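Protein sequence lines, in the order shown, are assigned to chains A and B.
Residues in the first sequence are numbered consecutively from 1, following the UniProt record's numbering.
Residues in the second sequence are numbered consecutively from 1, following the UniProt record's numbering.
Please note: incorrect hints may appear among the correct ones.
Unchecked claim - Each computed SDA-like pair below joins lysine to any residue, with the alpha-carbon atoms no more than 20 Å apart: (1) B:Lys111 / A:Asp166; (2) B:Lys100 / A:Ser73; (3) A:Lys44 / B:Lys100; (4) B:Lys111 / A:Asp157; (5) B:Lys265 / A:Asp166; (6) B:Lys296 / A:Asn163; (7) B:Lys265 / A:Gln118; (8) B:Lys265 / A:Val123; (9) A:Lys102 / A:Ser62.
It is worth saying that the hints were derived from the structure and are not from the lab.
Please read these numbers as outputs of a predicted model, since none were measured by experiment.
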Amino acid sequence: MPGTVLVTVGSTQFDKLVAAASSPSLQHILASYGYSHLTIQHGKSPVSSTTTSTTNSTSHESGLQVNTYTYKSSLREDMEQADLIISHAGSGSILEALRLNKKLIVVVNEDLMDNHQQELGDVLHEQHYLVCCTVSTLEKSLQAKEYESLEPFPQPDTTRFSNFLDARMGF
Amino acid sequence: MDLHLAANLALATAITLALIGIPLILILASRLWSSLPQNRPRHKHSSATITRPLTCTTTIFLGSGGHTAEMLQLVSGLDCTHYTPRHYVVGWDDDSSVEKVHRLEILLGAKSATNTEGQGAGSRSGTGTGPEAGAGAGVSADRLISDIKSSGSELAYTVHRIPRSRHVHQSMLTTPFTLAKSLLVAMPLIKRLTCLTKSEAHPNTEVGRPLSTDAAGRSRRSVLLMNGPGTCLALALAVIGARMAGVPDDQTPDLVFVESFARVKTLSLAGRLLYPLCDAFLVQWPGLVQRYPRSKYIGILV
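Turn these sequences into a full structure, and let the hints guide you.
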């Protein structure tokens, strides 16, 4: 039974993603999939006044409970509680969500000059660890439901690096 | 006539400068060339006559944010009884990384304390002897304990701050000045933290003479771990500078760079700058190895 969706922009500014998450059409889709809560961590990006009128408001149209805040020192707790995470494509957020084995949709910010986020999103999408899209294709990606059948991301293997260094240093 | 004299003087000065300057530049360039790892014979740890090291002085650069998170993840997997002492170098105002270091070191200390449980060796600074004593066949326990005691007077880890080489959005024009500033701080720091003395690198032996006993042959190593961003260039340059000045390889730290998990097809700026300087260069996506043949892929590391 799906429950909470977390939308996160991390410490970046990603107005378009926040706007998309606040839009009635996206909230309708989420509600129709049975999600009851939507948390939007919007950082420096503004949230539309209808969404923020009260911090803990039930969206009158979709019946989704919407909760917004700017930033927390650790998003871990909110990530743990989420059933679906829609995140910006920063590698830190991606890793954190993948390690928690969450259904993850990553939205690449096309307005950024440096497009290496796209490369990371694409390669992880190819390997079916997450779904990578842009703001304009977010709704389509949700409807395709590919995020329901993702591969679990392997747990961190710290022995790879320590074995490498041990061999190098002669231990 | 004065004009003539001045012209002659200028010409003489130019010729003198060229005579001194051009060879100087050539010498420096060839010195730099031969100091780059790909142009050096790797005799450091490949020789079979060198026995296992006792400990490895480990200097870790933390570049804040995602860089710090990835690096601490790497460090968390190391055996801290081998990799000791650990020196963390952070950006001047990077309090958040310092806090994360303390948190990780508490975990490492706990890990090493459980490793040494029942061994009876004093490990108040986190330098346990459990695995070391277990692994060192034929090593006299007395010597081992005295070694640990002598390093036990210092802390198992230290934290140092250096000025950033380049601030976010800083102009490329002023970057050489900020880089020079961090280099000035980095050079004495590298010398103090990472460089080994000849007797540490080759205890009780002279160069060329085979090592006598196992215990005597145990040497100290040094490694510098980096994963960006640009400020770590100052640390790497300081090490290269030491090699250019003639400090032998085994007394300078092994330069190890780990490119970020975020880099799939292209290297980061720090990666591109450090690629020719580092002794080992790890990437986390196989596609990069084709473009950068000196790099190595051993899987995702974080």
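Quick rundown of the hints versus the structure:
1. B:Lys111 / A:Asp166: Cα-Cα ~18 Å, so holds.
2. B:Lys100 / A:Ser73: holds, 13 Å
3. A:Lys44 / B:Lys100: violated, 25 Å
4. B:Lys111 / A:Asp157: holds, 17 Å
5. B:Lys265 / A:Asp166: Violated. Lys265 of chain B to Asp166 of chain A sits at ~28 Å, over the 20 Å cutoff.
6. B:Lys296 / A:Asn163: At roughly 14 Å apart (the allowed maximum being 20 Å), Asn163 of chain A and Lys296 of chain B satisfy the hint.
7. B:Lys265 / A:Gln118: holds, 10 Å
8. B:Lys265 / A:Val123: holds, 10 Å
9. A:Lys102 / A:Ser62: With Cα atoms ~24 Å apart, Lys102 of chain A and Ser62 of chain A exceed 20 Å; violated.
When each numbered hint is compared with the structure, violations occur for hints 3, 5, 9.
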